[in-house]
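A.B. asks: Position chain R relative to chain A; hints supplied.
Those sequence lines, one after another, are chains A and R. FYI, in my numbering the residues of the first sequence are 1 to 188. FYI, in my numbering the residues of the second sequence are 1 to 188.
None of these hints come from the bench; they were simulated from the model. Mixed in with the good hints, there may be bad ones.
Remember, identical chains collapse to one label, so a pair may be satisfied in a single copy or spanning two.
Claimed, not checked - DSBU-like, lysine-lysine: derived pairs with alpha carbons at most 35 angstroms apart: (1) K128 x K173; (2) K128 x K142; (3) K142 x K173.
2 protein chains.
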Amino acid sequence: MVIDCEQNDVRRGLVLINTGPGKGKTTAALGTAFRAAGNGMRVLILQFLKGSWHYGELDSAEALSSVEGFRYVMRQLGRGFVKVGGAETDPEDLAMVERAWAEASAAIESGEWDLIVLDEINYAIGYKMLHPERVAEVLRGKPEMLHVILTGRNAHPTLVELADTVTEMREVKHAYQKGILAQRGIEF
Amino acid sequence: MVIDCEQNDVRRGLVLINTGPGKGKTTAALGTAFRAAGNGMRVLILQFLKGSWHYGELDSAEALSSVEGFRYVMRQLGRGFVKVGGAETDPEDLAMVERAWAEASAAIESGEWDLIVLDEINYAIGYKMLHPERVAEVLRGKPEMLHVILTGRNAHPTLVELADTVTEMREVKHAYQKGILAQRGIEF
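If we strip away everything but chain A, and leave its shape as in the complex, we get:
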């Protein structure tokens, strides 16, 4: 009788969620992507709501991707803010989320990436601009080895259920409480 000692060594792509009210949801995804790129993985980061504000990571992503053997692509698909509130949701925001999801789902199904970060998608779902079941369906059918990270507060229960790893970032103490503004360089 041959015992398969590797039966628990399930090498497959994971679905991870970074949620909670604290800092580090997006930066942990960026850091994981940084690590993955160093392991030769092809990384795509799609930012669902961010847009108008130029974040430092866009320049770092471009710089890293300019090095042979590294693929770290970041795209902003929003406009930096969202006008929300039930029936009052701006149709333009809805259309942007729709286009962002079309791009994200196509990227997931393409097989061209090893890690895809859907940054702030949890907000788009939370604001009812994107139905969680649509996201769950695409994640269930994703290429086996593809890793996907979803970020944003209040991750939807449907996606928490589906995910392999869910981390909650909790704020113990924040500089804002001391009257210190966001610092260029590390906060954005």
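C.D. replies: Only chain R this time, still in chain A's reference frame:
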């Protein structure tokens, strides 16, 4: 009478701590450093206990630093594991932490960096290999604009008190619980 509307706009370097049992402590620091590097900041990441294992981020850091205008330096100062347990702590580990702290404190005082990450330093302190007051003293005297991020579980109360921002990463759900091993590329 002139009212100083910018009185709360205290532009200065922050001390941040990423702690807690969940994932994302180191990767959030790496991601923040990635953002900072894109903003033209000089970034140094000193890993206190990591050493023997080759992490993907080392290659990404080297690649990013090879691009003109980017400075993202990462150094492993440990040997990948620690033999601990009160009086049984291996003298070699103690010596390594001592050397690591000498390098870290010199880097902090040098004025040559805009962001320094002291990765896993909380473990060295927790294992009583480094006294928290020594770290606190150097942080209190750091260059005003320098940002410092400390990572690792069980951040010491002295450092939590001193820090501007403390984030706790909490594990809601983990792939290990499902019998899935650490995945090359994203877990290391």
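A.B. asks: Give me the numbers of the hints this structure contradicts, sorted from smallest to largest.
C.D. replies: none
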